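Keeping their order, the protein sequence lines are chains X and Z. Position 48 of the first sequence, counting from 1, maps to 48 under full-length UniProt numbering, and the rest follow consecutively. Position 384 of the second sequence, counting from 1, maps to 384 under full-length UniProt numbering, and the rest follow consecutively.
What the hints contain is simulated information worked out from the structure, not anything from laboratory work. Possibly wrong hints are sitting among the right ones.
Put simply, identical chains are the same to the list, so a pair is met inside one copy or across any two.
Unchecked claim - Straight-line distance between alpha carbons at most 27 Å, and here's what the computed DSSO-like set of lysine-lysine pairs gives: (1) LYS223 to LYS184; (2) LYS295 to LYS369; (3) LYS223 to LYS369; (4) LYS184 to LYS83; (5) LYS161 to LYS369; (6) LYS369 to LYS109; (7) LYS295 to LYS387; (8) LYS387 to LYS109; (9) LYS223 to LYS272; (10) LYS171 to LYS274; (11) LYS161 to LYS171; (12) LYS83 to LYS387; (13) LYS223 to LYS390; (14) LYS184 to LYS390; (15) LYS382 to LYS109; (16) LYS295 to LYS161; (17) LYS109 to LYS390.
All values reported here derive from a predicted model rather than from experimental measurement.
Protein chains: 2
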Amino acid sequence: MPTTIRAEVITIGDEILFGQIIDTNTQWISTELTNIGIRTVRKTSVGDEASVILSALTDAATRSEVVIITGGLGPTKDDITKKTLCEFFGVGLVRNQTALDLVTTFFEKRGREMTDLNRMQADLPENAEYIQNDWGTAPGMWFDHDDTVFISLPGVPFEMKSLMTYRMLPKLKERFEMPVIRHKMIRTIGIGESFLAERIEAWEDALPPHIRLAYLPSFGQVKLRLTATGTDNEQLGLELERQVAAVLPLIGNHVYGYDSDEIETVVIRLLKEKNLMLGVAESCTGGQVAATLTKVPGVSAVFAGGVVSYSNEVKIIALGVNPETLGAFGAVSEPTVSEMAEGVRVMLGTDVGIATSGIAGPDGGTPDKPVGTIWIAVATDKGTVTKHLKLGQYREQNITLTTTYLLNLLREQLL
Amino acid sequence: MPTTIRAEVITIGDEILFGQIIDTNTQWISTELTNIGIRTVRKTSVGDEASVILSALTDAATRSEVVIITGGLGPTKDDITKKTLCEFFGVGLVRNQTALDLVTTFFEKRGREMTDLNRMQADLPENAEYIQNDWGTAPGMWFDHDDTVFISLPGVPFEMKSLMTYRMLPKLKERFEMPVIRHKMIRTIGIGESFLAERIEAWEDALPPHIRLAYLPSFGQVKLRLTATGTDNEQLGLELERQVAAVLPLIGNHVYGYDSDEIETVVIRLLKEKNLMLGVAESCTGGQVAATLTKVPGVSAVFAGGVVSYSNEVKIIALGVNPETLGAFGAVSEPTVSEMAEGVRVMLGTDVGIATSGIAGPDGGTPDKPVGTIWIAVATDKGTVTKHLKLGQYREQNITLTTTYLLNLLREQLL
């Protein structure tokens, strides 16, 4: 098998260094590199200062076969990246006609006047291979220098991602002989990382050395990522399928999807398949369940709407919750959340109603019902199912977890 | 004035390097360092590999007075950071009794058994100053070595932030003689960065050299951050106040708050001051407005709830929108959004009703009403105010911007 190609990512820009923005580019880049079999060994973030950039480039070139540089290409920032690359390679800047034509067209289309600053965006280091950027005015550049490939990209995430996806990643795959890498993600919900690890321990220990397993936990979920390395793409795909088939019986109903599935997209898919309309009644989540569903394009086919019944009055007026239920059991109780789910179903005339009621915190807790006490419910024509959640102290975390667990309870009922 | 102290941040961990998680720690750390007058000059992210960590430490020490290392302190990861620090400093590991007592108490309190691995968390490099971590079991460590301060922190954000805030930042302020730095953030909404820059150009050009201005744009908002550097804390505060007073008349009503204010907290504060209850009717935002308000603790004093009227039926049933209005003008129209805002006010019996209706995309656009066509409304006892937004192609961005602009329209009406 070919040897591992090593990469480093260098991010240029004061705004990242001083903490004004969070850098999400390098995370995205290293994920993509991992996916094609290139190992990121270091990430460096430096300011708009030539000497510092030069030393970062020099260091990186001694360690890695691929150096990816993002940022410092804007027209206002003195083009620090291009000047510094010229100094690093010992070359001058020349105007690239293709790049100039592209920038000219970009401005003509928008009816905007072009300045000298804009024209200078077409000046590239002599040894650069110009890589066309169809998504903005900063050029993509590729340098093959002393057995190291240097790639320069704009820092704007949308331009950077497009250039990487459509130009640089295919070119890297051509340039280097790399192992074939395939991934399969199994998405689980409602089971903790250590419990999951215990359940699948024997299976995990028996994995062949060319298939690695990673646990990726997030709020209420654990993703299992299988990475297979080899030479035969089809063969690896089959092996991954076999491994998934072997582990599934051990995890059972906790698996809600694969690869890029999200719990909300899975639930919406199930509702579409069964031709069911959904209504949502939210107390402690305050609109988060509806907002999570609404983020998915085309949700209107299965989502009629909902009621955010933050006050008891709204629970009575808009959901038809019985005031006596509220009086006897309180808003955060199994009877109330059941009536909310059933109420929204009746009021909005939907097939399914789901509901949340709880104490998200930081205030409002009592000895009987401490912060984190939450009830969720799913009402269908077959009846109402409820669940009691005992969550923690943090408001935003409680809202996120309740949303996830409610969508999962709905998924279980739809199966 | 004292010279600038330079810092580097080294993040240790394969999970960050391979793109499995986004590193938010270093952004937080460099913001905090900037706030006390320390300049971050480089950030480096390396894997769990001793030789790579060693070279990163060596490089950083030659360039900076402060080196902050996060991660690699967990019990399972072979304590790579501590071992490597020992190698770097040429010292051995010794068990620290205070650290051991703390870990022991931590486990006793939770009724969990302690293993040898846990006990080893109390082993520190001989030259380490132990810094008590009251938020977890990994130790904080401080090293003063050859005029450079090395700080080692766990990678868990909550533990890292607590240790920095309560232990390390005060200690850094003591250790180095630093200039006094004060910040003032002016938060604006509804005016683009370039328009804002034009309006305040003369004021900006006249700023004294020790007061710097940064534009921090985000969805629909631009924050203006003033940073004053000097020696007299009180004097700087007065100067900043004077500059804010001078620029305010140029920006006018676009300023919604200062420093850590958010548009939703400002709106909630205004509602509390005026003792008004709010109801929300959402179509295209699908719950996002309600969810944004609900994230703020104590919102129940002014927020009764809302209706997510995704379908036309729900607009009629739950908000009392006239079917003839929907028929004549469509759901995305000024008359419909007005009736939604007025309807939620009547239905939920609140003082104020606010509403959104629009085409968030990617589907549903027509030549007359392309994707991004959105109406928002605020209804009070004085009448109803509406606004037409022409936004872009991206669903999530449209939902976020609509939420921000609606809360701002509400703010304007409350003033």
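State the violated hints by number, sorted upward, taking the hints as numbered earlier in the document.
-> 3, 4, 5, 8, 10, 12, 14 and 15
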